[in-house]
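For the record, the sequence lines run as chains V and C.
Counting from 1, position 337 in the first sequence corresponds to residue 336 in numbering that gives the first Met the number 0; the numbering is continuous, with no gaps.
Counting from 1, position 47 in the second sequence corresponds to residue 46 in numbering that gives the first Met the number 0; the numbering is continuous, with no gaps.
Hint data in this document are derived by calculation from the structure and do not stem from the laboratory.
For each residue, glycine too, the CB sits at the ideal point set by N, CA and C.
Keep in mind that the hints are not guaranteed to be accurate.
A few chain C residues that face chain V, going by a derived Cβ cut-off under 7 Å, partial list only [claimed, not checked]:
#1 Val31
#2 Lys33
#3 Arg39
#4 Ala88
#5 Leu123
#6 Ala125
#7 Phe131
#8 His360
#9 Thr377
What follows is the residue order along each chain.
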Amino acid sequence: MKVTASPYLTEHKPLFRRLLQMLLEEYPYASLLASDIREKSWSASRRLTSISGSGQFSARGFVVRVFDGAHWSEHSFSRISQDLLPELFAQIKETAALSPLPAGVAENAYAAPVEEETVFRGSTDCEVLPEDLGDDEIIARLTALRDRGLARSGQLLDCTVRANWNRTSKLFLSPKKDLEQNIMWTVARVSAAAGRGQEIKTSHEAISHLGGLELLDKLGERVARVAGTTVELLDSEPLVPGEYECICTPDTTGMIVHEAFGHGVEMDMFVKDRAQARRFIGQYVASPLVTMHDGAAAAPETGSYFFDDEGTMARDTVVIEKGVLKTGISDYQSAMLLGTQPTGNGRRESHRRKAYARMTNTFFEGGTDRVEDMIASVKDGLLLAEPASGMEDPKNWGIQCMVNYAREIKDGKLTGRIFSPIVLTGYVPDLLKSITMMSPDVEMYGAGFCGKGYKEWLKVSEGGPYIKARIRLG
Amino acid sequence: MMEKIRSALRELGADTYTVHETATRSVEAFYVRKRLDLKRRTDLTEYEVTVFRPLEREGRALLGSAAVPVYPDMGEDELREALASAYHAASFAGNPRYELYRGRREELIPSRSGFAGRPLEESLLAMAEALFAADVHEDVFLNSAEIFAIRRVRRVVNSSGVDVSWETFEVKGEYVCQCVTPADVETYHSFDFLEPEAEELTADAAAALAQTRDRAAATQAPPAGTYTVILSGDHVGTVLDYYRSRSSAGMVYQRYSGWQVGEDVQGKDVRGSRVTAVLKAAEPYDGEGIPLRDRPLLEDGVLRTIHGGSRFAQYLGIEPTGAYRCLQVPTGSTPLAELKRRPYLHVVGFSDFQMDDLSGHFGGEIRLAYLYDGETVTPVTGGSVNGSILDAQKHMVFSAERYRSARYEGPFAVAIEDVAVAGK
């Protein structure tokens, strides 16, 4: 079935139109984005059970964007009614008149935006809604999985099973656009912890999809693996720093794609001269095996939508094709300054925040090598698994990823030795050019979040196949 | 809206609840080089309601709870439906029963910040002037900056009498410095001022620009090995926050931490500084409306307080202290210059410095460090620091210089012996 629209947005749409009309009588261009985002989460751990309808992205609110003939301003607010329209109009005018210009600083001047006439209504598909299962059934399932995990080993301190559900409804209005979308995604996660002395080791696995709670049916197989890995990690060793021949699991590949190159091609960074990639368009930046995509329309995952927060329709952008950098990903304002086309990557953390050029679903295409052959080809190296976090460095093309553990490979076989934790660093083109093997199947992971620097958190997905590369590890 | 919420809860028979109301006003400016690219304002009022429900399961007294956001535009039917859904959900999220924090109605506590009483746009402009005042060089300059002047009024109301509210002001932001020669590089910096300390922002930005010039001169990673690593600024706070995290009642109740009051959590054989720390009351109340006051956390490495809100405190049979987010640590007695007499690696910039409170591991990729080999100081870049607080706490030496940010007040620097560094 299709995800249904927000009754609130439907009911208030005439009001949004009236406000927009008032603004268009004053300014050459204005747009309004209205969001109504519902979330719910359920979790069961050894000592706590929780249900919340208040999630990280839960929000209902509005952002108006105004172009006064040369400059852009935005006003975010949380209330709208017929009575409030004159006050809102006055506030938006005040915002447009702001002039926070320190000595020696001028205001950027833009050309008038050009839009194509677009009317769109779209909803993603789902099978099982939270109300279909009921909170009692969801908690019962998570509790049963938790118990199964805890039963795997008496060494486990805890096993937590969690599900997060999100239904996002957005409406975008501008002089020529009338867009509505309804998206649903669900994420489920198993994590476990075990301690030795003061040190506690953890492991986790997550699954995600564009859809409802039917995802829970696929969680069971993960529980035993997470519990087993956690106990194994109690015997993990620190890794001797150095450069290693590595096989990366698809989730680790995903993080490398995201951190190594994804942030580096966000084109608001081109505007600021903060990304080396701008100077490498048309050049080899990776092994010829590598083809990389980003786009809300590139894969059905947690980074998917039909139009972005600036009213640009979603695309599938080929960022790297057979090792050659083709293009970046762009928001609307950056595209205007750069004289390029926006790619549908203008995203906001919420109506409270500014839009930036952001990733969506980012991944490498698959290759032709069997995973068994890839491991067999390693004389002395590591299998890297379970990425934890990463940080971009578009200017200098450095990469930092934290990976939970690495398994030793000697003479083409896993030896059973395990190292943890791992810091993966290096120079992005060196790493990407060192890729020599890729498995066929692409796996996507949409459980994580993406920040711009240290803020502006968004849901994205990332992924790829198993890859073989030389990587500097600490 | 608050009365509408209370009325709907009464109608529902939900007589145990907490309501958070947050009113946020902000003025924001986004600069690219010396151009204002976008200006913004926000005017947001948001509510979150947590509904509690006493339950009995197999003879055990439980308390279920579920939270739900409430929006100012919600009609009565929608509001009733949202709260009823949360009340129903609370039936299935039962945990051992506890009492909500008991309090009373208090007057709004106005902010005493120097930002209070001034229009937000004036505060923003003053701090923007201060930031750009440092941008006076040809070779190194501000690439971009984002500044946010924010006023918040928070109110917490619960069914046990708590009705408190308080106002805060801050001007925070981030900026990127760029140096184009001999290499084109950048460094990232952030700030969060609760007072209009314009001169401090100018000085910080000037230091950041100077560091960026050094980053442009850095070409090599340090040789791999073990070093006396010096961390400074917020990185010191990040490492020491391990003690705040491990001593939280939530961690102890869930057995992620076995710490007990009176325990020497820094351990035996400490050759460096003994850690003393205070939980700093940065705001008058926490999210439950519990009044916050400065509390001793550690004295010479010995744990003095397990801290947390009502729920976990009652589970552990201790006093609820409220939730703290700021740590205050006394400075050491050794000037930084003294710490730098012997060979060291002083890391001033990481890609993303991480402290894992569970494993005790800390580290990150080095964006800029100063390597002193006993003869010369060389700026280096690349490689990574990989340490463990479980080892490091035996030989940390704190500097005499002081540092202050929104989450940490204490020694500007700490020197830690024998930290592994991956490098060339």
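Against the structure, the hints come out as follows:
1. Interface hint status for valine 31 (chain C): upheld, as the beta-carbon distance to the closest one in chain V is roughly 5 Å, under 7 Å.
2. For lysine 33 (chain C), the interface hint holds, the least distance from its beta-carbon to any beta-carbon of chain V being 5 Å, beneath 7 Å.
3. The restraint placing arginine 39 (chain C) at the interface with chain V holds, with a minimum CB-CB distance near 4 Å, inside the 7 Å limit.
4. For alanine 88 (chain C), the shortest C-beta to C-beta distance to chain V is roughly 4 Å, which falls under 7 Å, so the interface hint holds.
5. The restraint placing leucine 123 (chain C) at the interface with chain V holds, with a minimum CB-CB distance near 5 Å, inside the 7 Å limit.
6. The beta carbon of alanine 125 (chain C) is not positioned within 7 Å of any beta carbon in chain V (closest approach about 9 Å), and the interface hint is therefore violated.
7. For phenylalanine 131 (chain C), the interface hint holds, since its Cβ comes within 7 Å of a Cβ in chain V; the closest pair sits about 4 Å apart.
8. The interface hint given for histidine 360 (chain C) holds, since its Cβ lies 5 Å from the closest Cβ of chain V, which is under the 7 Å cut-off.
9. Violation of the interface hint for threonine 377 (chain C) is found here, the shortest Cβ-Cβ separation to chain V being roughly 18 Å, above the 7 Å cut-off.
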